[in-house]
Amino acid sequence: MHEPAATAVAAGPAVPVLPPAPLKPGHRGVAADFASDQRAFKTATWHKAMMWIFLLSDTFVFSCFLISYMTDRMSTVEPWPNASEVFSLELFGENVPLLLIAIMTFVLISSSGTMAMAVNCGYARDRKKTTWLLLVTAALGATFVGMQAFEWSKLIAEGVRPWGNPWGAAQFGAVFFTITGFHGTHVTIGVIFLLIVARKVWRGDYDIARRGFFTSRRGDYQQVEVMGLYWHFVDLVWVFIFAFFYLW
Amino acid sequence: MAEAHAVAGGQQGQAHGQHHPIRVYLIVWFWLFVLSTLSYLVDYFQFEGYLRWGLIVLFMLLKAGLIVAVFMHMVWERLALVYAILVPPLVVLVFVAIMAVEGDHTALTRGSFFAGGPPAPTVEAPVH
Chain F
1 MHEPAATAVA
11 AGPAVPVLPP
21 APLKPGHRGV
31 AADFASDQRA
41 FKTATWHKAM
51 MWIFLLSDTF
61 VFSCFLISYM
71 TDRMSTVEPW
81 PNASEVFSLE
91 LFGENVPLLL
101 IAIMTFVLIS
111 SSGTMAMAVN
121 CGYARDRKKT
131 TWLLLVTAAL
141 GATFVGMQAF
151 EWSKLIAEGV
161 RPWGNPWGAA
171 QFGAVFFTIT
181 GFHGTHVTIG
191 VIFLLIVARK
201 VWRGDYDIAR
211 RGFFTSRRGD
221 YQQVEVMGLY
231 WHFVDLVWVF
241 IFAFFYLW
Chain H
249 MAEAHAVAGG
259 QQGQAHGQHH
269 PIRVYLIVWF
279 WLFVLSTLSY
289 LVDYFQFEGY
299 LRWGLIVLFM
309 LLKAGLIVAV
319 FMHMVWERLA
329 LVYAILVPPL
339 VVLVFVAIMA
349 VEGDHTALTR
359 GSFFAGGPPA
369 PTVEAPVH
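If you're matching them up, the sequences are chains F and H in order.
Numbering-wise (the numbering used here), the first sequence opens with residue 1 and increments by one.
Numbering-wise (the numbering used here), the second sequence opens with residue 249 and increments by one.
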């Protein structure tokens, strides 16, 4: 059935292959990109676009957590425990408010910086530096999770439970364990993937486009950038948790 | 960029990878440290009320903006991607508003319930 048509096309005059239309800038570009009857994200690979869409969905997950926290805190009739005192740490006989949380924040920001450097070195094809920076990022991430484990044990020892605590509104514990627990899980998963990506960079997988373990797709150094997107997102979520849960 | 778009598959990413001067990252990194310190100081100096909340939100938004714009390369992406990713979270603000009203209402009913105590025992329970 399809034969005649196929031969007609093959035998017919060569169809001129048009060069792709130049991309329009600004808002006309937005309309043109979405109306192009093709992929809308013209300069982002699917790999990157899908990571962004995953991060968007993850944004909604954490938004829901923070909104539930807001509703809990607004509607409770008991006083909300003072985070500044709850998370204070005794140093040289003095109580420093939020000390551990501040250190955790700096650790995570440092790891974001080393991650950005790793992406940069990856595109510069500096395998050694990229590997080391990824490993440093992973180490800082692991440090963060370790400090969080310390914080959890400290609070559990002081009697914080998801259903109550010694200082006030019972919802405090539930909110704390849910939000920091989910965030810590994200960091942990990030550390695991950082180690995987570091190994791939070190082995030179992205130079020879070796097939990956997960999707068996050929990788390139953009995978380091996409890994970076996830890692920076984890830092981004912490910015909001730090502001709303610990400082508010 | 147009040629890069025509290239298929895995090569595509490298054609327009996000490679920027390392200086930009270092500047942003520095400011993230400064902003984190400032937001920590808000707590340290025990600012209260609208000053506290205003500063917390200000530093938070500046930090988030820097991370998304530079570390996540949003300023260098095409607007179609930027809008597709950054507009939906804004709709979350509507959800925040709805739940704030709900939370307020719950607080109000709880307040009046606990102020009035449990329902008076004089009301006779229906006998079955």
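Hints in this document: simulated from the structure, not taken from any laboratory.
Hints may contain errors.
If you want the ones that stay clear, here's a sample from chain F, every Cβ over 10 Å from chain H, calculated [claimed, not checked]:
| hint | residue |
| --- | --- |
| 1 | A40 |
| 2 | D72 |
| 3 | K128 |
| 4 | I189 |
To be clear about the criterion: a stretch of chain H counts as covered by chain F if any three or more of its residues have a C-beta under 8 Å from a C-beta of chain F, and this derived list gives those stretches [what the hints assert, rightly or not]:
| hint | region |
| --- | --- |
| 5 | 275-284 |
| 6 | 311-322 |
Owing to the predicted nature of the structure, the values given are computational and were not obtained by experimental measurement.
Ideal Cβ positions, reconstructed from N, Cα and C, are used throughout, including at glycine.
Okay, the hints, checked on the actual structure:
1. A40: violated, 5 Å
2. D72: violated, 8 Å
3. K128: holds, 16 Å
4. I189: Per Cβ check, I189(F) is outside 10 Å of chain H; nearest 18 Å; holds.
5. 275-284: holds (count 5)
6. 311-322: It holds, with 8 qualifying residues against the three required.
In terms of the numbered hints stated before, the structure departs from hints 1, 2, listed from lowest to highest.
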